[in-house]
Each structure stands twice: as C-alpha cells, then as structure tokens.
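Q: Protein chains in written order, with my numbering: chain G, 41 to 213; chain F, 48 to 544; chain R, 180 to 506.
Rather than coming from a laboratory, the hints here were simulated on the basis of the structure. There could be a bad hint or two in this list.
[Said to hold, decoys possible] Below are the EDC-like pairs computed for lysine to aspartate or glutamate, each with C-alpha atoms no more than 16 Å apart in a straight line:
hint, chain 1, residue 1, chain 2, residue 2
1, R, K250, F, E457
2, R, K250, G, E91
3, R, K353, R, E498
4, R, K250, G, E193
5, R, K250, G, D199
Just so it is clear, the structure is predicted and the values come from calculations on it, not from any experiment.
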Amino acid sequence: MKGSTLLGVILVFTSLLFFGWSFSYGGMAGFVPLVLSFPTVALAILCLAGERYPRIMSAFEVSLEDVLTSAAGAEGSIPGEEVQTGPKAGEMGLITRMFLWFFLFGLLVFITGFYISTLVFALAFTRLQGGIGWPGAVFITALALGFFYFIFEETLAVDLFAGVIFGAFIPPL
Amino acid sequence: MWEPLMQAMGMLSEPMNLLVLAVGAVSGLILGALPGLFLAGLTIGMTFTFGWDAETAMFLMAGMMGAATEGGSVPAILLNIPGEAPNAATCFDGHPMARRGEAGRAVGLAAASSFLGAVVGMCFLMILIPFVKIIVLSFGPPEFFMLVVFGLLTVAYAARGNMLKGLVSAGIGVLLSLIGFSPVHGVLRFNFGSDNYLWDGIPLVPFFIGLFAIAELVNHVLRGDTIAEGGQRLKVGLFGAFRGFLEVFHYKTTLVRSSAIGILAGIIPGIGGVLANFLSYSMAVQFSKNPEKFGTGTAEGIIASEASNDAKDGGALLPTIIFGIPGSAGMAVLLGAFILHGLQPGFFFVREHMDIVFVLIFGFVISNFLASLMAAFGADILARVTTLRVGYVVPAAFLLSVGGAYAARENVWDIGIAIAAGVMGFAFNRFGFSLVTLVIGFLLGVRAELSFVQSLQISAGSYAIFFTRPVTIVLMLLSILLLCLPWLTSRKAKASS
Amino acid sequence: MRNLLTRILLGAAVLGLAASLPLSQAQAAFPDRNITIIVPFSPGGGYDGIARAVARSMKKYVPKGVNIIVKNVTGAAGRRASVFMYRAKPDGYTIAHFQASGMLGDQMLSDTPVGFETSKFTWLARVGADAFGLHVSAKGPHKSIEDLQKAKRVTWGVEGIGVGRWMGSFLAAKAYGIDFHVVAGYRGTGESLPALLRGDFDVWAQPIDHNSVISYLGTDLRPVAQLDKKRAVNAPDVKTSYETGQNLSFSDLRAFGGPPGIPADRAQILEDLLLKAMRDDLYIAWKKQASAVLVEGPGSSVAQDLKYYEDLFRANLEEMKKAAKAK
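Just chain G, with the same shape it has in the complex (with noise of 0.2 Å):
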C-alpha cells in the first residue's frame, strides 16, 4: 500500500472512531462533535477516494488562492507545500530508522531516566547514525548532558525524569 494510501485510511478510522463515539455522550456533549466529526469522515473519504480517482483530487486542486492569484494576474502554476508520493530508493528504511532511534529514546528515558538515555543516545546517534567521529560525539554527548543539568534542573529547577528503574513517579494514565 503506498504511504498516502495508508494515511488516508488512517484519517478515515480516525474521524470515523470521533463520529460513532460522539453517540456514546448525551445531550450537547455528543451533538457538538457528531456535527464536527460528520464533515471530516465525509471529507476524508473524499480524499482516500482521491488516491484512487486522481479526478476527485485534482478538481480540489483549485483553491481560493488560485482564484486570488489569477486576480492578482500572477502567471504560472501555484505550487503547493511539497507533495512526494513515492519514496526515493533507501528513503523509506532511513526514516524507519530515525523513528525507531527517536522512540528508542522515549522507551530509554523512561526505564532509565534522563541522563543514562541522554549519554547512551548521544554517544550511539553520533557514532552510528551522524558518522561523527569520537571527539565530536563526546563533545555532543557533554553538552547534552551539561544543558540538562546546568540549565534544566540548576536555573530552572525542572525535575527530570529519573527513570523507572530508580523509583520515579510514574504520572497515572
């Protein structure tokens, strides 16, 4: 499946999941977003229909910006925010990958707080990731891990996450 494809089946589910919930709430509470959800399902299901039927989508191609350019007499097409479909080859793994990092993070901070996740992070992004050689990456690391302190938990006085492993408080869900 290509990846707009999935996003667009995403979207749909999503304002779906918001429209049929909307009933579970009475009165006012349920009424104002079941009128929310409703055109967002609708539209949404437009636009996944757009990915098979390029011909829906293009006819939304005209935006009121066209018709303020074409008034301005500006010439040209109007390009939008960038728009890439199919990723270019090794694209795909690559941002697989910086996710994965990204979250690995998360996981780490959590079991074991800032600082151990902060070091092991660093160390291994700039090494492995970045081509960075060890002075750079030592370097990094040190600032990293300087800022939280100094900054963060000196001036500021933010309490940062110690990690479960060492008895955090783990804010309720």
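Since the structure of chain G is already known, use the hints to place chains F and R on it.
A: Chains F and R in isolation, oriented as in the chain G frame:
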C-alpha cells in the same frame, strides 16, 4: 497622563533599572530561543523580584517577555524549530530563506519586524486604554463564537495546495481538540482509556514540538549533510542582517496588517500569540501579490509572522491590566508579578498605577529593540549554526526538543506525545496535509464548542442569541464577506481582463 | 505489567529506604535539605502567590542552606497534584498548598477512583478559608437575595461542572431556594468577573473578602449574601446565611498538607514552621498589601473543617451527582 509618563521616564534613567531591563532582555532572548523553556524561566524570573520595587520588577518582566519571541525566531529560521509556539509560522519562510543561504537576511527581517511590531502594538495600547472597558464588556460568548467561526473560515484560506486535504487536516485538528475533560459538559470525552493523562486534552507544548520540530529533524536527515542546502558554507555578514533590517520598510502594508492582527488577537483573551501568528500568516498569503512564493522563503512571510507575535503583547497587556484576564500564559505570570507586588488589576490599575503601565510599555519597546539588535548583529555568529553537520545538529536539537516537551509539565508521557506527534507531523507534511490548518483547527475547535454551548446556556437554548446582538451580526457579515471574497475577486479579475 | 511495575517500584523504594535509614538516624536535624512546596495551580494564581509568600517567610526559620522551593504541578483542575502528593515520599521534604475542600468534593463526586483520599493526607496547617458570598451585577435585573428567590430562571457562572465554585453554587441555590442553571466554561475569577458584569449570568459565588473583587464592591458588584457565620469585612451590611436561617458555610479551604504518613515529629516541625511563617511580619505585610483576609490555623483545624465538608457533601451527594449529570 503626563505626570506618570514623566515618572516612568525618570525610573528608566536610573542605572539599576536599565541594567535589570538589559538582563531581562538577554535572558528572555536566550530562553525564548530554547523550545518550551520560556515560561519556566519567566516564572523563575518573577521569583527573583521578591522584595524589589514594583517598578524594577516590571522592568525585568517586560524585558524578558519583550525579548522572548525575538529569541524564538532565531532557531525557527536556522533550525526550523520554533523557540516559542508563536514563532511557528516563522519557520515556513524563515527556514527556506536560511537554507537558500540568506540566513542573515532572514534574521534581520525577523528582528526588524519584531521591533516594529512591538512599537505598533504599544502605540495601539496607549490609544486603546480609554476604550478597553467597552471592548471587553461587549465580547460575550455569542460574539466570541462568531469570532471563532470567522477564524475557522480563514482555515479554508490557509489551506495551501490541495483544499480538500487542508480541510481534512483542519477537521482532524478540531476533533483532536475535543479530547479531554469538558468543563462545560462535565464529561471526559474521547479519552482512549486515560482517566488522568488526557484530562486537559492533548498537551499543547509537546504536541507542537513533535509536529514542528521532531518531524523536521527527520527531513534534515533526509536532505543531507548539513542544515544549509548542499552543505555550502553560508556567507552572511553584518551586511546581510542590516539589509534584512532595512528591507522591512518595503513591506509597510504587511507590517501594519500583521501588527493589527496581532493586537486584536492579543486583546481577546485566550486566542493568544499562536493563533495571531497563523492568522497573520494566512492573511498575508491571501493579500499578497505573490502568494505562490509563500513557503519558499519570502520576506513577507517572515514579517507577517514576527510582526504579529510581538504586536500581540500590546493587545494582551490590555485585558491583563484592566480585567486581570491574561491573554496568554506569559501574561498570566505577569499577572502573578502584579499580585506579588500588590498591584491589583482592574479599572483602578489604570487610574492609580498609570506609571507602571508606562514602565511596561517602555520596557517592552526597549527590550524588543535590544533583542533585535542582539539577534540581528549576532546573526553572523548565529548563522554558523546552519553550517553544522546534521550528525551534530539532529541529536542536539532532538534532545533539546524532548527536554522542552518534558519541562513544560514534567510529565514523562509528554515525551511519548512529542514523538508520536513527530510521526504524525512528518506523515502529514509528506503527503500534502497542511500542518497550519491542523493547528488552527486544534486551537479553535474546542473554543468554538465552548462559546457555542455557553451562548445557549445564557439564552436558555434559544438560537436567536446569535442573531440579535450587534457585534455578532457584524462578525457574521464579515464571515459571509470572507466566503464571497474569491467570487468577488474573480469577477473583478474577469472585468479587468 | 502494572503489577510488575509496582513491584519494581516497591523494590526500589525499599532499597532507597534501607540505604537512607542509617543516615537519617545519624542526622536528627530536620530539615537538612530543601523543602519543596507543590502548588496545584498555575503560576500567578492565588494559590501560587500565597505559597510563594509563605515560602519567603519560612526561609527565615529554617537552618542555613535549606531552601524553600515553590513548584507548580498543574493539570486536571488540581487532581494531578493531589495524585502526585498522595504517592510522594512522606519524608516531609515535599508538601503542598492544597484547595482541601475542592479536593474532597472532587473525590466524593467522582464515579471513578481519583487516586487519592483527602482525609489520609498529613494535614499540617490551615492558610485560611475564604468564605464565599453571592454576587450579582450592580446593573443587572436582580438587586437582592429575594429577587433571586422570586426569579423563574437564574443562571450561575462557574468554571465547570463539579468544581469548587459549582459545588458552592449548587449548595447555595438549594439552601436559599433559588433556581439553578449554570453557564460554565469560564477560566477562573479573571474571566468570570467581567462575564457577570457583561450579564452572561445572574449570580456568581465568590469570596467577598478577596483581592480580585474588593475594588469592584459597591460600584460594579453587589454582594447579596455571605455563606459564613461571620459577616464579610468588606461588606459589613450583607447578611450571613446564619442570620437568615440557611446555615450554610462554604469556603475555599486553603491548607498545607503532605503525603500520608509523615512521621509525627517531622509533621510537628513543619506545622510549627508554617505557622511561624504565617505569623511573620513579612507575610502579614504581604497579606495587607494583597488585601487577603486569611486566618491561619494548625493542622488539626484542617481536619475539623474537612469533617464539616464531608458531612455537607454526603448529605447532598446524590442530588449533586444528579445535577452534574443533568446535561
């Protein structure tokens, strides 16, 4: 009016006060540049003022608050990480311009528009003080609802590229804003099994840090070796910054319009700087002669963003002083400083402490000036950050973002939200779903619901309340006009061709 | 998973305790390190201001090198701080400035477990209790409590269903026989006051002796009742509910408390420290400047006051739950 003005001038001439103001500006600049840390820093700053004169304390507060958004523009331009939430729109054009090798120009533009925006904002404040009671008392829930509807309509305009996708992301933003405990209904909604964490909804700071900062770091890695395109070393000197500084005067209309939007959004409690920022940006797109250039590093985009977020302080000070209603989180801390120093917000404040009002006005303007100078003329040093290798910048920026996402509430789950929002922001951006409309929907959605339900509670369920009050009627007409605008302009275009 | 986490947590706590035991015996002096005061509400609010003022005076009475740090743990209308404190280490180094009556109401009104039990906290000192009054707008249609009693539809402005002001409003409406409809969603005093003046709603329950309203009394605001045994200092001609026969007291009970199970000797030291701080000249001068009418009291008075609220809420619990769900 004149006596307190002279008093404030006198205080300003005291070396101690000037020093405090400068210290405030420097720390505000630095804190503003670090994502998610400004409020924590401002609160600490407030606690330093125990036992000081009220005036000196206000110089520190104004100094810090005035410089923060200026500081926030620097990482927005150089790293695509907004230092403060109201700097988010600066990323859209500031960063592309920096990547083009014009980082100095971008910083100079931001500095000049910040300063001028602040000046315009403070001038408006002085003019509006006599009328403020009328303004605030005429804005009840029905008026507020109409105003928010007006704001949501601008979403359609903010949708760049494909309008359908823009509207879908706005809708998703609105739906996400409904998550959490609704005080007006007394119900916890859409909580996904969470009875505590999602009580206050999706936390704004980590959500935004994820959408804008973390998502962008992945793009940095995809793009290549250094932050600047092609890895070339940027050559920006004082000249580039200076040119940017002066270039602002070519865009007087954008500057004034954005300042006006900032002031208005600032006055209305709760709308705050973030929305002012996005509204101003999307308006600039609409009124520009070259809307297609937005997002590619145009000067107008930077000016629209930076002028509005500094002008908003002028607006936001009004309800803070007169009603004790903070227009933003920063203003809430300022309010705390008032109370700390025995200054009671209210109509009496203006009557009895007009000198403090002037101290704040002078403080904001001078702090903005100092911060602009420091940012613009330090641009050469700052711009070098963009030539750093991605391998250094990405881990450092990621750790800073995560730290900021955590520090705002000291809740470890916020890190999870930031990373999840990073995935979401990346996917949305990549497949052409606008993040701007997502954010506008997110900020306005729950507010629209709140004022809608409040209005009906006031009117005992009658919808007539929306059609019988003068301000709502005016706002409704404005909304209709906004809807007809494309049709009207296309007719005009046809007539002229 | 949860069980496992709890076990790991417990294990770590036991280890930590074991490690610190010989130390704490050796150092008899408490406090010997920084004390943190948790504030459940955001910086700049009333609770924050008081906590900072107390911290400033308290610093005079603690050994050199010990600091008093004020920290805001906000979220879920104060519930987050309550849960945080309930599970914090009861070593006396973390205390909080609570809205005790609101916490109790939240706990009793909630259908799901809130994660704390108000009565089990170690209550250290009372900061004060701002008795609520009922206010109408001076320009509004209602001029007196009788006008409100006669009116068919009366709207009350509150932050949200189930919060402290809502409970006070509900109980007052019931006691005085006034119609009860809410207009909800105002964020704090700052938004509610102009909303009342604007005419968004008819009645507003708010302490009369409160710095946010004092300057509006007599010009924009008209207090019509005082929910206390004593008349308000700033509106001496407004009758109390005990004079007119409703016999309802309702206030924001502001109190310092710690996690359940602080050792008695440490609790006593903290109580003395807090009371000394609240009788200090600096704090009294601050109170005067901020026009705050606050009467401090020992920890035992908090427990007493909480008992009153527990009885009051229990007697009205079913009705309150029904009203909260009526929408």
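Q: Are the hints correct? Go through all of them and say.
A: Quick rundown of the hints versus the structure:
no.	hint	verdict
1	R/K250 <-> F/E457	holds, 11 Å
2	R/K250 <-> G/E91	violated, 51 Å
3	R/K353 <-> R/E498	holds, 10 Å
4	R/K250 <-> G/E193	holds, 13 Å
5	R/K250 <-> G/D199	holds, 10 Å
In summary, the structure is inconsistent with hint 2 from the numbered list given earlier, while agreeing with all the others.
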